[in-house]
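*Asks:* Place chain W on chain Z using the hints.
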Amino acid sequence: MIELRGLVKTFGDLRAVDGIDLTIGQGEFFAVLGPNAAGKTTTIKMMVGLIKPTEGSAVVAGYDIQQSPLDARKRLAYVPDFPFLYDKLTPLEFMQFTGQLFNIDPDKVRHQGAELARRFHLDAFLNKSIEGLSHGTRQRVAIASALLHDPEVFVIDEPMVGLDPQHARIVKDILKERSGQGMTVFLSTHQLSVAEELADRIGIIHQGRLVAVGTARELRDQSGRDEALESSFLRLTTESTESSEPEPTQPA
Amino acid sequence: MNSASQPSGLKLLAGVHLRQHWRRLKGVMSQSRLLSATILFFLMGYCWLSFAIFHRAMRFIGSFPGLGDLLIERMLFLLFAFLFALLLISNLVITYSNLFRNRETNFLHSLPMHPNTIFQWKFLESTVVASWAFIFLIAPMLAAYGLVEQVDWTFYPMTCLLILQFVILPGFAGAWAAIALARYMDRRAFQYTLLAIGLVTLAALAFWLKAEQVTDDMLETRVMLVLDRLLRNTQFSQFAFLPSYWLATAVISWSEGASSATLFFILVLLSYGLFLGGVTMTFPGSPFYEAASAVQSRGSGMGWPGLRFRRHRRSHSNDFGSGGWLHALLSLPWWIPLESRAVLIKDIRVFWRDTSQWGQSLLLFGLLAAYIINLKNFSAQLNNPFWIHLIAYLNLGACSLNLATLTTRFVFPQFSLEGKRLWIVGMAPIGLNKVIQIKYTLATLISLLVTGSLIVLSCYMLRMPWTQALYFTLVILVMSLTLNGLAMGLGVIYPNFKEDNPSKIVSGFGGTFCLVLSFLYIVGTILILAVGSPWAQQARPLTTGIAWVLFGMLSLGIGYLPYRLGVRRLKYLEI
Numbered sequence: 001m002i003e004l005r006g007l008v009k010t011f012g013d014l015r016a017v018d019g020i021d022l023t024i025g026q027g028e029f030f031a032v033l034g035p036n037a038a039g040k041t042t043t044i045k046m047m048v049g050l051i052k053p054t055e056g057s058a059v060v061a062g063y064d065i066q067q068s069p070l071d072a073r074k075r076l077a078y079v080p081d082f083p084f085l086y087d088k089l090t091p092l093e094f095m096q097f098t099g100q101l102f103n104i105d106p107d108k109v110r111h112q113g114a115e116l117a118r119r120f121h122l123d124a125f126l127n128k129s130i131e132g133l134s135h136g137t138r139q140r141v142a143i144a145s146a147l148l149h150d151p152e153v154f155v156i157d158e159p160m161v162g163l164d165p166q167h168a169r170i171v172k173d174i175l176k177e178r179s180g181q182g183m184t185v186f187l188s189t190h191q192l193s194v195a196e197e198l199a200d201r202i203g204i205i206h207q208g209r210l211v212a213v214g215t216a217r218e219l220r221d222q223s224g225r226d227e228a229l230e231s232s233f234l235r236l237t238t239e240s241t242e243s244s245e246p247e248p249t250q251p252a
Numbered sequence: 001m002n003s004a005s006q007p008s009g010l011k012l013l014a015g016v017h018l019r020q021h022w023r024r025l026k027g028v029m030s031q032s033r034l035l036s037a038t039i040l041f042f043l044m045g046y047c048w049l050s051f052a053i054f055h056r057a058m059r060f061i062g063s064f065p066g067l068g069d070l071l072i073e074r075m076l077f078l079l080f081a082f083l084f085a086l087l088l089i090s091n092l093v094i095t096y097s098n099l100f101r102n103r104e105t106n107f108l109h110s111l112p113m114h115p116n117t118i119f120q121w122k123f124l125e126s127t128v129v130a131s132w133a134f135i136f137l138i139a140p141m142l143a144a145y146g147l148v149e150q151v152d153w154t155f156y157p158m159t160c161l162l163i164l165q166f167v168i169l170p171g172f173a174g175a176w177a178a179i180a181l182a183r184y185m186d187r188r189a190f191q192y193t194l195l196a197i198g199l200v201t202l203a204a205l206a207f208w209l210k211a212e213q214v215t216d217d218m219l220e221t222r223v224m225l226v227l228d229r230l231l232r233n234t235q236f237s238q239f240a241f242l243p244s245y246w247l248a249t250a251v252i253s254w255s256e257g258a259s260s261a262t263l264f265f266i267l268v269l270l271s272y273g274l275f276l277g278g279v280t281m282t283f284p285g286s287p288f289y290e291a292a293s294a295v296q297s298r299g300s301g302m303g304w305p306g307l308r309f310r311r312h313r314r315s316h317s318n319d320f321g322s323g324g325w326l327h328a329l330l331s332l333p334w335w336i337p338l339e340s341r342a343v344l345i346k347d348i349r350v351f352w353r354d355t356s357q358w359g360q361s362l363l364l365f366g367l368l369a370a371y372i373i374n375l376k377n378f379s380a381q382l383n384n385p386f387w388i389h390l391i392a393y394l395n396l397g398a399c400s401l402n403l404a405t406l407t408t409r410f411v412f413p414q415f416s417l418e419g420k421r422l423w424i425v426g427m428a429p430i431g432l433n434k435v436i437q438i439k440y441t442l443a444t445l446i447s448l449l450v451t452g453s454l455i456v457l458s459c460y461m462l463r464m465p466w467t468q469a470l471y472f473t474l475v476i477l478v479m480s481l482t483l484n485g486l487a488m489g490l491g492v493i494y495p496n497f498k499e500d501n502p503s504k505i506v507s508g509f510g511g512t513f514c515l516v517l518s519f520l521y522i523v524g525t526i527l528i529l530a531v532g533s534p535w536a537q538q539a540r541p542l543t544t545g546i547a548w549v550l551f552g553m554l555s556l557g558i559g560y561l562p563y564r565l566g567v568r569r570l571k572y573l574e575i
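In order, the protein sequence lines correspond to chains Z and W.
Straight run, no breaks: the first sequence in our numbering ends on number 252.
Straight run, no breaks: the second sequence in our numbering ends on number 575.
Think of the hints as simulated: they come from the structure by calculation, not from any bench.
Incorrect hints may have been included.
As the list claims (entries may be wrong) - Capping the alpha-carbon separation at 30 Å, the derived lysine-lysine pairs in BS3-like fashion look like this:
(1) 571(W) with 376(W)
(2) 504(W) with 128(Z)
(3) 11(W) with 74(Z)
(4) 108(Z) with 11(W)
(5) 434(W) with 346(W)
(6) 346(W) with 504(W)
(7) 346(W) with 128(Z)
(8) 571(W) with 172(Z)
(9) 88(Z) with 128(Z)
(10) 434(W) with 88(Z)
(11) 11(W) with 346(W)
(12) 108(Z) with 74(Z)
(13) 88(Z) with 172(Z)
(14) 26(W) with 88(Z)
(15) 52(Z) with 439(W)
(16) 11(W) with 128(Z)
(17) 176(Z) with 128(Z)
(18) 128(Z) with 52(Z)
(19) 434(W) with 128(Z)
(20) 88(Z) with 346(W)
(21) 108(Z) with 52(Z)
(22) 52(Z) with 571(W)
As the list claims (entries may be wrong) - Here are a few chain W residues that sit away from chain Z, every Cβ distance over 12 Å (derived from the structure):
(23) 11
(24) 12
(25) 113
(26) 177
(27) 445
(28) 523
What the hints assert, rightly or not - Label pairs and their calculated CB-CB ranges:
(29) 27(W) with 173(Z): 53 to 63 Å
(30) 173(Z) with 11(W): 33 to 43 Å
(31) 182(Z) with 11(W): 54 to 64 Å
(32) 165(Z) with 160(W): 55 to 65 Å
In this text, a Cβ means the ideal position worked out from N, Cα and C, and glycines have one as well.
Looking at chain Z on its own, in the form it has when it is part of the complex (with noise of 0.2 Å):
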């Protein structure tokens, strides 16, 4: 379903983005850790065709995003850590924008939609104008949104930023359903616990390369000793920043 195949990024002199090769399959939910500015968002952008790869292609449920993007962007969802949202709009009109866009039949936009408002707890807000949202429900409606044209490929950026307990919990449960139900998942957060909780396998990206791929059971076992996915996180990176060579120092 994802297929990276040496992605390459360079942002002048820096490789933000080093020769990343991975696979993942259909329905796998897979989540991708590490320290920031590491490359874990240049890879997204890449992935869902943001932006060019200087080197190497990524193939999105069967099709290069580079050579045939709409066919690509027709299965991939894309939901950013603050994603875009008109405004003005209420949700129910977004979602209905959403639909349209993707080309839903709309009585299956209208059932869909009502589903997923319920799901996402978002029926209260539905006739309300998005400027008025909070933060949390925000991400909702995009998360909401995002899944309505049942997407084979679900790419989604620090989707916790900003949700409270219960309404994460909601996230994560619908988020494993639809895995469960073939729907590929590219999960990019700072937050261990979910990765380890969610994903059937997790990679580490550090310093733009994939240092580490695996369970997290075996990313425990790497190490060889008995330790939390903490540790052997911050032993990858760290030992990974002491083997590689000192970056040239680049311009902010």
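*Replies:* Relative to the frame of chain Z, chain W by itself:
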């Protein structure tokens, strides 16, 4: 999927945006009917005043025996040529921001929407935004022209058609230029380039259009020669390949009943519009996507070597103890408390690093300075004190209008932007009152430095005695204090903490109100001071005294009062 009845992406986007704009308008109307009525009244007042001035000016110029029509025609050519250049620049800047610095564009790129469709929508949006002011500016002028030339009713719909055909051309040029610049240049380099182009153009124009010295002798004996010399430098506006030439010729031809000439230029505009439109609406998808990807991919690390060097040096200055030359400079006035100095340094740095702020200020006041410096070429003919004082008052008006534009654009949103950083500035022991006071002082000092210098220069060029120069300097001092107080006060009374973009903060209700009040204040002040001028023919000390009292009261009411109300509001502010 429902392939049979899929609405086009363009239609969908148009629908969403129309709905958004309609709700925004309704929101504004429902906030305060009085304020909406004031703004409407102001707009109508502008149209009427602008029309009246153009009408009188054209009738006056048209009355020159044998030369009137020639001069009016040349005025039209010149005006359209300058407005065409301004349209090019505004289309470039607005399209660039709309295509490459816009969250909606990024959002749309992640959807199954062809880059062509995204581009087409953003192009239409940008062209409308960039062109409405042009239409607003020329509509009263063309109405006045029609009346002076006594045209029939067909002139007005024909002019509308021509203008629509015309404004789309700089839109196409701006869009392609924006794509090319985004592809090969980073944002800062783009801003500096634009500024450099603006300054070079200004310098070239100042040199090219430099007024020539005309002696009294020449005016009496060789009027045609003088006129020829004065008009020679404006011949560029009649260059046959300029779209502004096509528009002006078509308008003039229709007013003269030369319908075949008008038809010819309509077809010229149409053919260019169709050709460029065809190219722009068909092919930009791929270059647009490439450029958007380049903008997103470009940290701020790319750019020109000079810029890279500067940032490199800044990134290596890790000594927390050293604050640089600005810190050292502001340490000299020892009486300024440390915390006030910190806010001051921060504000100066933000101003300096925001090219758009000082770039726009520089261009606006640069134009005015170029005009004032050129006054020396005319002052030899200005023997009559009436004309000297009239020009001095007009210069005062132009200077303060420029200042009002800048205070509304840059001072008004200051508090709203600071609200975003309230976690640090608002929570600091310095207090918001002090922050507002520092911002006000800094803005006023910078304003005074520029406007005061221009007014002194204007008086010098007009060879006015120092007492009169002092008089006008005092007036601009009070006006600077007032306009900054108004912008700062209303900025606190009508804050917008949701927006990051200052231009969007200004385009809200408070910003518009600030602009309207500023303009009314300037018009009121100039009228009061002109009526009570100590150099009027029948000037009396009592009239001058009353004028100054009224001026003082108006300034207190428009400047001090909103500032005080703003400061008082800070006590009850909830963010």
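*Asks:* Does residue 113(W) sit more than 12 Å from chain Z, CB to CB?
*Replies:* At roughly 7 Å from the nearest Cβ of chain Z, residue 113(W) sits no farther out than 12 Å, so the non-interface label is violated.
*Asks:* Next pair to validate is residue 11(W) with residue 346(W); report whether the Cα-Cα distance is within 30 Å.
*Replies:* Between residue 11(W) and residue 346(W) the Cα gap is close to 45 Å, so the pair fails against 30 Å, i.e. violated.
*Asks:* Regarding the pair residue 434(W) and residue 128(Z), is the alpha-carbon distance no greater than 30 Å?
*Replies:* violated (38 Å)
*Asks:* Hint check: residue 26(W) vs residue 88(Z), CA-CA at most 30 Å. Holds or violated?
*Replies:* holds (11 Å)
*Asks:* Holds or violated: are the alpha carbons of residue 88(Z) and residue 346(W) at most 30 Å from each other?
*Replies:* Status violated; Cα separation ~34 Å.
*Asks:* Take a look at whether the Cβ-Cβ distance between residue 173(Z) and residue 11(W) falls inside 33 to 43 Å.
*Replies:* Roughly 37 Å apart at Cβ, these two residues keep to the hinted range, so it holds.
*Asks:* Next pair to validate is residue 571(W) with residue 376(W); report whether the Cα-Cα distance is within 30 Å.
*Replies:* Cα-Cα ~52 Å, so violated.
*Asks:* Decide if the proposed pair is consistent with the structure: residue 11(W) and residue 74(Z), CA atoms, cutoff 30 Å inclusive.
*Replies:* holds (19 Å)
*Asks:* Given a hint of 54 to 64 Å, does the C-beta separation of residue 182(Z) and residue 11(W) actually sit inside it?
*Replies:* Since the Cβ atoms of residue 182(Z) and residue 11(W) sit about 33 Å apart, the hinted range of 54 to 64 Å is violated.
*Asks:* Within 30 Å, alpha carbon to alpha carbon, are residue 128(Z) and residue 52(Z)?
*Replies:* violated (37 Å)
*Asks:* Has the given pair, residue 434(W) with residue 346(W), been kept, meaning a C-alpha gap of at most 30 Å?
*Replies:* holds (14 Å)
*Asks:* For a C-alpha distance cap of 30 Å, please report whether residue 108(Z) and residue 11(W) respect it.
*Replies:* holds (21 Å)
In the structure shown, a violation is registered for the earlier hints numbered 1, 7, 8, 10, 11, 15, 18, 19, 20, 21, 22, 23, 24, 25, 29, 31, in ascending order.
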